[in-house]
Amino acid sequence: MPVVQPLDESSDLVWIDYAQFGERFVAHAVTAARIESAIAGMADHSVTVGPVSLGPVGRAGVLAQGSVGKPRVFRIGPHVTFEVTVPVSLTLKVLLGGKKLRLEARVEIDLTLHARTADPLLIVIDIPRIQRRDISFVLRAQAVESAWEWLLDPIAGVMQREVASRVNAMLAEPKTRRALVFDVEALIDDTRSAHRDNAQFDWIGYGEFGRRFFARIVTRSRVYQAVAGLEGRSIEVGPLRTGPRSSAVVTVRGAVLTPRLADRAAPTVTFDLTLPVILDITVDVMKANHYRAHIEVPLALVARAAEPLLVVIDVPPPDPADIRMEFTAHGVRAAVLGALARIKKQVPEQVAAVVRQELADASMRTIDVAARIDGAA
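In the working numbering, the protein residues as written are 22 to 398.
These are computed hints drawn from the structure, not numbers from a lab. Incorrect hints may appear among the rest.
Claimed, not checked - Per label pair, the in silico range of CB-to-CB distance: (1) 211 - 319: 13 to 21 Å; (2) 74 - 211: 26 to 34 Å; (3) 240 - 319: 34 to 42 Å; (4) 305 - 328: 48 to 56 Å; (5) 241 - 382: 22 to 30 Å; (6) 245 - 48: 50 to 58 Å; (7) 384 - 281: 54 to 62 Å; (8) 301 - 41: 17 to 25 Å; (9) 100 - 342: 47 to 55 Å; (10) 100 - 131: 32 to 40 Å; (11) 283 - 140: 52 to 60 Å; (12) 240 - 131: 24 to 32 Å; (13) 221 - 97: 51 to 59 Å; (14) 245 - 276: 36 to 44 Å.
From the three backbone atoms N, C-alpha and C, an ideal C-beta is built for every residue, glycine too.
With the hints as constraints, model all of the structure from the sequences given.
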(Lines of atoms letter the chains of each structure in order from A; the text may use other names.)
(Lines give C-alpha, C1' and ligand atoms only; values in the text may rest on other atoms or scores of the structure.)
Protein backbone atom coordinates (compact mmCIF):
# COMPACT_ATOMS: atom_id res chain seq x y z
CA MET A 22 0.00 0.00 0.00
CA PRO A 23 1.13 3.63 -0.35
CA VAL A 24 3.10 5.18 2.47
CA VAL A 25 0.82 6.26 5.29
CA GLN A 26 0.87 9.59 7.03
CA PRO A 27 0.74 9.63 10.84
CA LEU A 28 -2.32 11.18 12.40
CA ASP A 29 -2.95 12.75 15.74
CA GLU A 30 -4.26 9.80 17.76
CA SER A 31 -6.47 12.12 19.82
CA SER A 32 -8.33 13.36 16.75
CA ASP A 33 -11.67 11.82 15.82
CA LEU A 34 -12.15 10.72 12.25
CA VAL A 35 -15.15 12.20 10.48
CA TRP A 36 -16.48 9.63 8.03
CA ILE A 37 -17.71 10.56 4.56
CA ASP A 38 -19.14 8.29 1.88
CA TYR A 39 -17.38 7.25 -1.31
CA ALA A 40 -19.32 9.75 -3.41
CA GLN A 41 -18.23 12.66 -1.19
CA PHE A 42 -14.68 11.35 -1.39
CA GLY A 43 -14.86 11.45 -5.19
CA GLU A 44 -16.01 15.08 -5.19
CA ARG A 45 -13.26 16.08 -2.77
CA PHE A 46 -10.64 14.15 -4.70
CA VAL A 47 -11.34 15.99 -7.96
CA ALA A 48 -11.59 19.37 -6.22
CA HIS A 49 -8.22 18.85 -4.54
CA ALA A 50 -6.45 17.30 -7.51
CA VAL A 51 -7.54 19.79 -10.19
CA THR A 52 -6.15 23.20 -9.33
CA ALA A 53 -5.54 26.34 -11.35
CA ALA A 54 -1.79 25.71 -11.15
CA ARG A 55 -2.16 22.18 -12.54
CA ILE A 56 -4.35 23.37 -15.41
CA GLU A 57 -1.84 26.11 -16.20
CA SER A 58 0.86 23.44 -16.30
CA ALA A 59 -1.27 21.19 -18.52
CA ILE A 60 -1.88 23.87 -21.15
CA ALA A 61 1.46 25.65 -20.80
CA GLY A 62 2.60 24.06 -24.05
CA MET A 63 0.34 26.46 -25.95
CA ALA A 64 2.48 29.43 -24.95
CA ASP A 65 4.90 30.76 -27.56
CA HIS A 66 3.17 28.86 -30.37
CA SER A 67 3.46 30.97 -33.49
CA VAL A 68 0.30 32.07 -35.26
CA THR A 69 0.17 33.09 -38.92
CA VAL A 70 -2.98 34.14 -40.69
CA GLY A 71 -3.01 34.91 -44.39
CA PRO A 72 -2.36 36.47 -46.66
CA VAL A 73 -6.14 36.94 -46.83
CA SER A 74 -7.92 38.96 -49.49
CA LEU A 75 -10.67 41.34 -48.37
CA GLY A 76 -13.16 43.57 -50.04
CA PRO A 77 -14.52 43.55 -53.58
CA VAL A 78 -12.40 41.40 -55.94
CA GLY A 79 -9.73 41.10 -53.27
CA ARG A 80 -9.08 44.79 -53.16
CA ALA A 81 -7.10 44.56 -49.91
CA GLY A 82 -4.72 41.94 -48.52
CA VAL A 83 -3.94 41.14 -44.87
CA LEU A 84 -1.13 39.13 -43.32
CA ALA A 85 -1.04 38.58 -39.56
CA GLN A 86 1.80 37.06 -37.56
CA GLY A 87 2.22 36.64 -33.84
CA SER A 88 2.31 34.18 -30.95
CA VAL A 89 0.23 32.75 -28.12
CA GLY A 90 0.98 34.08 -24.66
CA LYS A 91 0.84 32.33 -21.30
CA PRO A 92 -2.72 31.25 -20.44
CA ARG A 93 -4.23 32.64 -17.23
CA VAL A 94 -6.46 30.37 -15.17
CA PHE A 95 -8.97 31.35 -12.49
CA ARG A 96 -11.17 29.03 -10.45
CA ILE A 97 -14.84 29.99 -10.28
CA GLY A 98 -17.88 28.68 -8.45
CA PRO A 99 -18.24 25.79 -6.01
CA HIS A 100 -17.66 23.15 -8.68
CA VAL A 101 -14.40 22.28 -10.41
CA THR A 102 -14.80 24.93 -13.07
CA PHE A 103 -12.22 27.41 -14.33
CA GLU A 104 -12.15 30.53 -16.44
CA VAL A 105 -9.17 30.58 -18.79
CA THR A 106 -7.88 33.52 -20.78
CA VAL A 107 -5.44 32.82 -23.60
CA PRO A 108 -3.73 35.99 -24.91
CA VAL A 109 -2.54 36.21 -28.51
CA SER A 110 -0.44 39.08 -29.85
CA LEU A 111 -0.59 39.81 -33.58
CA THR A 112 1.08 42.20 -35.95
CA LEU A 113 -1.02 42.88 -39.06
CA LYS A 114 0.28 44.10 -42.40
CA VAL A 115 -2.44 45.48 -44.65
CA LEU A 116 -1.95 46.29 -48.31
CA LEU A 117 -4.49 48.51 -50.13
CA GLY A 118 -3.92 50.16 -53.52
CA GLY A 119 -0.17 49.88 -53.23
CA LYS A 120 -0.20 51.43 -49.76
CA LYS A 121 0.79 49.57 -46.59
CA LEU A 122 -0.66 49.84 -43.11
CA ARG A 123 0.80 48.20 -40.00
CA LEU A 124 -1.51 47.40 -37.08
CA GLU A 125 -1.09 45.76 -33.70
CA ALA A 126 -3.87 43.56 -32.37
CA ARG A 127 -4.65 42.38 -28.86
CA VAL A 128 -6.56 39.12 -28.92
CA GLU A 129 -7.97 37.32 -25.90
CA ILE A 130 -9.67 33.93 -25.94
CA ASP A 131 -12.03 33.37 -23.01
CA LEU A 132 -12.92 29.80 -22.12
CA THR A 133 -14.71 27.93 -19.37
CA LEU A 134 -13.03 24.64 -18.49
CA HIS A 135 -14.55 21.77 -16.53
CA ALA A 136 -12.81 18.94 -14.72
CA ARG A 137 -14.76 15.82 -15.66
CA THR A 138 -14.41 12.21 -14.64
CA ALA A 139 -14.48 9.30 -17.04
CA ASP A 140 -14.28 5.53 -17.24
CA PRO A 141 -12.37 3.73 -15.83
CA LEU A 142 -10.73 6.19 -13.39
CA LEU A 143 -9.83 9.29 -15.37
CA ILE A 144 -9.88 13.01 -14.67
CA VAL A 145 -10.18 14.96 -17.91
CA ILE A 146 -9.86 18.71 -18.35
CA ASP A 147 -12.65 19.26 -20.83
CA ILE A 148 -12.04 22.28 -23.07
CA PRO A 149 -14.97 23.21 -25.33
CA ARG A 150 -14.23 23.95 -28.95
CA ILE A 151 -13.43 27.64 -29.36
CA GLN A 152 -16.02 29.71 -31.21
CA ARG A 153 -15.68 33.14 -32.77
CA ARG A 154 -17.78 34.64 -29.97
CA ASP A 155 -15.14 33.49 -27.43
CA ILE A 156 -12.52 35.81 -28.94
CA SER A 157 -12.16 39.51 -28.24
CA PHE A 158 -10.19 41.44 -30.86
CA VAL A 159 -8.88 44.97 -30.42
CA LEU A 160 -6.86 46.76 -33.12
CA ARG A 161 -4.35 49.36 -32.05
CA ALA A 162 -3.03 52.05 -34.38
CA GLN A 163 -1.95 55.62 -33.86
CA ALA A 164 -4.05 56.91 -36.74
CA VAL A 165 -6.06 55.30 -39.51
CA GLU A 166 -7.05 57.22 -42.60
CA SER A 167 -10.71 57.20 -43.55
CA ALA A 168 -9.88 55.19 -46.65
CA TRP A 169 -8.83 52.29 -44.42
CA GLU A 170 -11.70 52.36 -41.94
CA TRP A 171 -13.99 50.11 -43.98
CA LEU A 172 -11.41 47.34 -43.58
CA LEU A 173 -11.35 47.25 -39.77
CA ASP A 174 -14.53 45.24 -39.17
CA PRO A 175 -13.79 42.66 -41.89
CA ILE A 176 -10.24 42.29 -40.54
CA ALA A 177 -11.55 41.68 -37.02
CA GLY A 178 -14.01 39.05 -38.26
CA VAL A 179 -11.37 37.19 -40.27
CA MET A 180 -8.88 37.27 -37.40
CA GLN A 181 -11.43 35.96 -34.88
CA ARG A 182 -12.36 33.08 -37.17
CA GLU A 183 -8.81 32.19 -38.09
CA VAL A 184 -7.38 32.47 -34.59
CA ALA A 185 -10.17 30.21 -33.29
CA SER A 186 -9.30 27.66 -35.97
CA ARG A 187 -5.60 27.69 -35.17
CA VAL A 188 -5.98 27.48 -31.39
CA ASN A 189 -8.47 24.63 -31.78
CA ALA A 190 -5.82 22.84 -33.83
CA MET A 191 -3.27 23.39 -31.04
CA LEU A 192 -5.64 21.95 -28.45
CA ALA A 193 -6.23 18.93 -30.69
CA GLU A 194 -2.52 18.08 -30.86
CA PRO A 195 -1.83 14.68 -29.24
CA LYS A 196 0.71 16.13 -26.81
CA THR A 197 -1.77 18.75 -25.57
CA ARG A 198 -4.63 16.23 -25.32
CA ARG A 199 -2.49 13.85 -23.26
CA ALA A 200 -1.60 16.65 -20.85
CA LEU A 201 -5.30 17.16 -20.12
CA VAL A 202 -5.99 13.53 -19.15
CA PHE A 203 -4.99 12.14 -15.76
CA ASP A 204 -5.27 8.38 -15.32
CA VAL A 205 -5.45 8.07 -11.53
CA GLU A 206 -5.11 4.29 -11.49
CA ALA A 207 -2.03 4.37 -13.74
CA LEU A 208 -0.47 7.12 -11.65
CA ILE A 209 -0.92 5.11 -8.44
CA ASP A 210 0.33 1.91 -10.09
CA ASP A 211 3.20 3.84 -11.70
CA THR A 212 2.35 2.31 -15.06
CA ARG A 213 1.75 3.63 -18.55
CA SER A 214 -1.84 4.69 -19.14
CA ALA A 215 -3.80 3.09 -21.96
CA HIS A 216 -6.38 5.91 -21.96
CA ARG A 217 -4.53 9.22 -22.32
CA ASP A 218 -4.72 9.13 -26.12
CA ASN A 219 -8.48 8.58 -26.13
CA ALA A 220 -10.45 10.86 -28.41
CA GLN A 221 -13.78 9.92 -26.81
CA PHE A 222 -14.62 9.29 -23.17
CA ASP A 223 -17.38 7.55 -21.25
CA TRP A 224 -18.20 10.22 -18.68
CA ILE A 225 -19.10 9.34 -15.09
CA GLY A 226 -20.08 11.55 -12.16
CA TYR A 227 -17.79 12.51 -9.30
CA GLY A 228 -19.73 10.22 -6.97
CA GLU A 229 -19.22 7.23 -9.26
CA PHE A 230 -15.55 8.19 -9.55
CA GLY A 231 -15.25 7.98 -5.75
CA ARG A 232 -16.91 4.57 -5.63
CA ARG A 233 -14.65 3.30 -8.42
CA PHE A 234 -11.59 4.70 -6.67
CA PHE A 235 -12.15 2.43 -3.68
CA ALA A 236 -13.12 -0.58 -5.79
CA ARG A 237 -10.12 -0.28 -8.14
CA ILE A 238 -7.45 1.10 -5.81
CA VAL A 239 -8.17 -0.53 -2.46
CA THR A 240 -7.70 -4.05 -3.82
CA ARG A 241 -7.10 -7.33 -2.04
CA SER A 242 -3.51 -7.48 -3.31
CA ARG A 243 -2.73 -4.01 -1.99
CA VAL A 244 -4.34 -4.67 1.37
CA TYR A 245 -2.53 -7.98 1.64
CA GLN A 246 0.80 -6.20 1.18
CA ALA A 247 -0.03 -4.33 4.38
CA VAL A 248 -1.31 -7.24 6.46
CA ALA A 249 1.41 -9.65 5.30
CA GLY A 250 3.77 -7.82 7.63
CA LEU A 251 1.86 -9.28 10.56
CA GLU A 252 3.34 -12.70 9.89
CA GLY A 253 5.88 -13.56 12.56
CA ARG A 254 4.60 -10.88 14.92
CA SER A 255 5.13 -12.19 18.44
CA ILE A 256 2.33 -12.46 20.96
CA GLU A 257 3.09 -12.60 24.66
CA VAL A 258 0.60 -12.80 27.49
CA GLY A 259 1.27 -13.10 31.18
CA PRO A 260 2.30 -14.26 33.54
CA LEU A 261 -1.32 -14.48 34.71
CA ARG A 262 -2.67 -16.04 37.90
CA THR A 263 -5.75 -18.22 37.71
CA GLY A 264 -7.43 -21.20 39.38
CA PRO A 265 -8.35 -21.69 43.04
CA ARG A 266 -6.68 -19.09 45.21
CA SER A 267 -4.86 -17.93 42.01
CA SER A 268 -2.44 -20.77 42.51
CA ALA A 269 -1.78 -21.34 38.79
CA VAL A 270 0.61 -19.08 36.90
CA VAL A 271 -0.05 -18.92 33.13
CA THR A 272 2.50 -17.76 30.58
CA VAL A 273 1.69 -17.53 26.87
CA ARG A 274 4.22 -17.16 24.07
CA GLY A 275 3.48 -17.38 20.38
CA ALA A 276 3.48 -15.80 16.95
CA VAL A 277 1.18 -14.89 14.05
CA LEU A 278 1.35 -17.29 11.11
CA THR A 279 0.60 -16.36 7.47
CA PRO A 280 -2.56 -14.19 7.35
CA ARG A 281 -5.39 -15.13 4.99
CA LEU A 282 -7.38 -12.43 3.20
CA ALA A 283 -10.59 -12.82 1.18
CA ASP A 284 -13.01 -10.46 -0.54
CA ARG A 285 -16.43 -10.01 1.01
CA ALA A 286 -19.54 -8.96 -0.90
CA ALA A 287 -20.66 -5.77 0.84
CA PRO A 288 -21.86 -2.24 0.00
CA THR A 289 -18.41 -0.96 0.94
CA VAL A 290 -15.03 -2.42 0.00
CA THR A 291 -14.58 -5.07 2.68
CA PHE A 292 -12.20 -7.97 3.26
CA ASP A 293 -12.23 -10.90 5.67
CA LEU A 294 -8.87 -11.27 7.38
CA THR A 295 -8.00 -14.40 9.33
CA LEU A 296 -5.00 -14.23 11.64
CA PRO A 297 -3.77 -17.71 12.50
CA VAL A 298 -1.81 -17.75 15.74
CA ILE A 299 0.14 -20.56 17.35
CA LEU A 300 0.68 -20.36 21.11
CA ASP A 301 2.79 -22.28 23.59
CA ILE A 302 1.13 -22.09 26.99
CA THR A 303 2.77 -22.94 30.28
CA VAL A 304 0.66 -23.42 33.41
CA ASP A 305 2.75 -23.68 36.54
CA VAL A 306 0.91 -25.49 39.37
CA MET A 307 3.51 -27.19 41.52
CA LYS A 308 5.20 -28.06 38.23
CA ALA A 309 5.11 -26.78 34.67
CA ASN A 310 2.30 -28.08 32.44
CA HIS A 311 2.57 -27.41 28.73
CA TYR A 312 -0.08 -26.84 26.08
CA ARG A 313 -0.22 -25.92 22.40
CA ALA A 314 -3.07 -23.76 21.09
CA HIS A 315 -3.94 -23.12 17.44
CA ILE A 316 -6.03 -19.96 17.23
CA GLU A 317 -7.75 -18.16 14.39
CA VAL A 318 -8.75 -14.52 14.89
CA PRO A 319 -11.38 -13.34 12.35
CA LEU A 320 -11.33 -9.65 11.46
CA ALA A 321 -13.30 -7.49 9.02
CA LEU A 322 -11.28 -4.86 7.13
CA VAL A 323 -13.53 -2.08 5.79
CA ALA A 324 -12.14 0.58 3.44
CA ARG A 325 -13.70 3.86 4.51
CA ALA A 326 -13.33 7.52 3.57
CA ALA A 327 -12.78 10.27 6.11
CA GLU A 328 -12.33 14.04 6.10
CA PRO A 329 -10.54 15.81 4.63
CA LEU A 330 -9.33 13.24 2.08
CA LEU A 331 -8.31 10.08 3.89
CA VAL A 332 -8.57 6.39 3.10
CA VAL A 333 -8.86 4.41 6.31
CA ILE A 334 -8.84 0.63 6.69
CA ASP A 335 -11.29 0.38 9.56
CA VAL A 336 -10.96 -2.80 11.67
CA PRO A 337 -13.57 -3.41 14.38
CA PRO A 338 -11.97 -5.09 17.44
CA PRO A 339 -12.41 -8.87 17.61
CA ASP A 340 -14.97 -10.49 19.90
CA PRO A 341 -13.39 -13.26 22.02
CA ALA A 342 -16.48 -15.38 21.32
CA ASP A 343 -15.58 -15.38 17.59
CA ILE A 344 -12.03 -16.60 18.14
CA ARG A 345 -11.60 -20.26 17.24
CA MET A 346 -9.13 -22.32 19.27
CA GLU A 347 -7.81 -25.88 19.21
CA PHE A 348 -6.17 -26.80 22.47
CA THR A 349 -3.72 -29.66 22.92
CA ALA A 350 -2.24 -30.79 26.24
CA HIS A 351 1.23 -32.31 26.59
CA GLY A 352 0.97 -35.08 29.14
CA VAL A 353 -1.80 -36.73 31.18
CA ARG A 354 -1.46 -34.41 34.15
CA ALA A 355 -1.79 -31.32 31.94
CA ALA A 356 -4.91 -32.77 30.30
CA VAL A 357 -6.75 -33.22 33.60
CA LEU A 358 -5.57 -30.00 35.25
CA GLY A 359 -8.45 -28.42 37.16
CA ALA A 360 -7.77 -24.90 35.91
CA LEU A 361 -7.96 -25.95 32.27
CA ALA A 362 -11.51 -24.74 31.56
CA ARG A 363 -10.72 -21.30 32.93
CA ILE A 364 -7.50 -21.14 30.91
CA LYS A 365 -9.35 -22.01 27.69
CA LYS A 366 -11.61 -19.04 28.31
CA GLN A 367 -8.85 -16.64 29.32
CA VAL A 368 -6.55 -17.27 26.38
CA PRO A 369 -8.98 -16.02 23.65
CA GLU A 370 -9.81 -13.02 25.85
CA GLN A 371 -6.14 -12.15 26.23
CA VAL A 372 -5.42 -12.63 22.52
CA ALA A 373 -8.39 -10.40 21.66
CA ALA A 374 -7.02 -7.77 24.04
CA VAL A 375 -3.60 -7.91 22.37
CA VAL A 376 -5.18 -7.51 18.91
CA ARG A 377 -7.34 -4.60 20.12
CA GLN A 378 -4.23 -2.87 21.41
CA GLU A 379 -2.49 -3.37 18.07
CA LEU A 380 -5.48 -1.86 16.27
CA ALA A 381 -5.86 1.14 18.58
CA ASP A 382 -3.67 3.45 16.48
CA ALA A 383 -5.51 4.22 13.23
CA SER A 384 -2.54 6.10 11.76
CA MET A 385 -0.91 2.93 10.48
CA ARG A 386 -4.10 2.07 8.60
CA THR A 387 -4.64 5.53 7.13
CA ILE A 388 -3.53 7.01 3.82
CA ASP A 389 -3.55 10.79 3.41
CA VAL A 390 -4.59 10.99 -0.23
CA ALA A 391 -4.32 14.79 -0.37
CA ALA A 392 -0.68 14.61 0.74
CA ARG A 393 0.05 11.99 -1.93
CA ILE A 394 -1.60 14.13 -4.63
CA ASP A 395 0.45 17.15 -3.57
CA GLY A 396 3.63 15.08 -3.40
CA ALA A 397 3.12 13.81 -6.92
CA ALA A 398 2.55 17.28 -8.38
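Hint-by-hint comparison with the structure:
Restraint check, residue 211 to residue 319: a C-beta distance of roughly 34 Å breaks the suggested window 13 to 21 Å. At roughly 55 Å, the beta-carbon separation of residue 74 and residue 211 lies outside the given 26 to 34 Å, and the hint is violated. In this structure, residue 240 and residue 319 break the distance hint of 34 to 42 Å, their C-beta atoms being roughly 21 Å apart. Remark: the range hint 48 to 56 Å for residue 305 to residue 328 is upheld by a beta-carbon distance near 51 Å.
Restraint check, residue 241 to residue 382: a C-beta distance of roughly 23 Å satisfies the suggested window 22 to 30 Å. Distance hint check: the CB atoms of residue 245 and residue 48 are about 31 Å apart, inconsistent with the given range 50 to 58 Å. Distance hint check: the CB atoms of residue 384 and residue 281 are about 25 Å apart, inconsistent with the given range 54 to 62 Å. Between residue 301 and residue 41 the C-beta distance comes to about 48 Å, which lies outside the given range of 17 to 25 Å.
At roughly 49 Å, the beta carbons of residue 100 and residue 342 sit within the given window of 47 to 55 Å. Remark: the range hint 32 to 40 Å for residue 100 to residue 131 is contradicted by a beta-carbon distance near 18 Å. Our hint of 52 to 60 Å for residue 283 and residue 140 is violated, since their Cβ atoms are close to 27 Å apart. Take residue 240 and residue 131: their Cβ atoms lie about 43 Å apart, and the range 24 to 32 Å is violated.
At about 27 Å, the beta-carbon gap between residue 221 and residue 97 misses the expected band of 51 to 59 Å. Between residue 245 and residue 276 the beta carbon distance is about 19 Å. The supplied range of 36 to 44 Å is therefore violated.
Going down the numbered hints, you'll see the structure goes against 1, 2, 3, 6, 7, 8, 10, 11, 12, 13 and 14, while the others check out.
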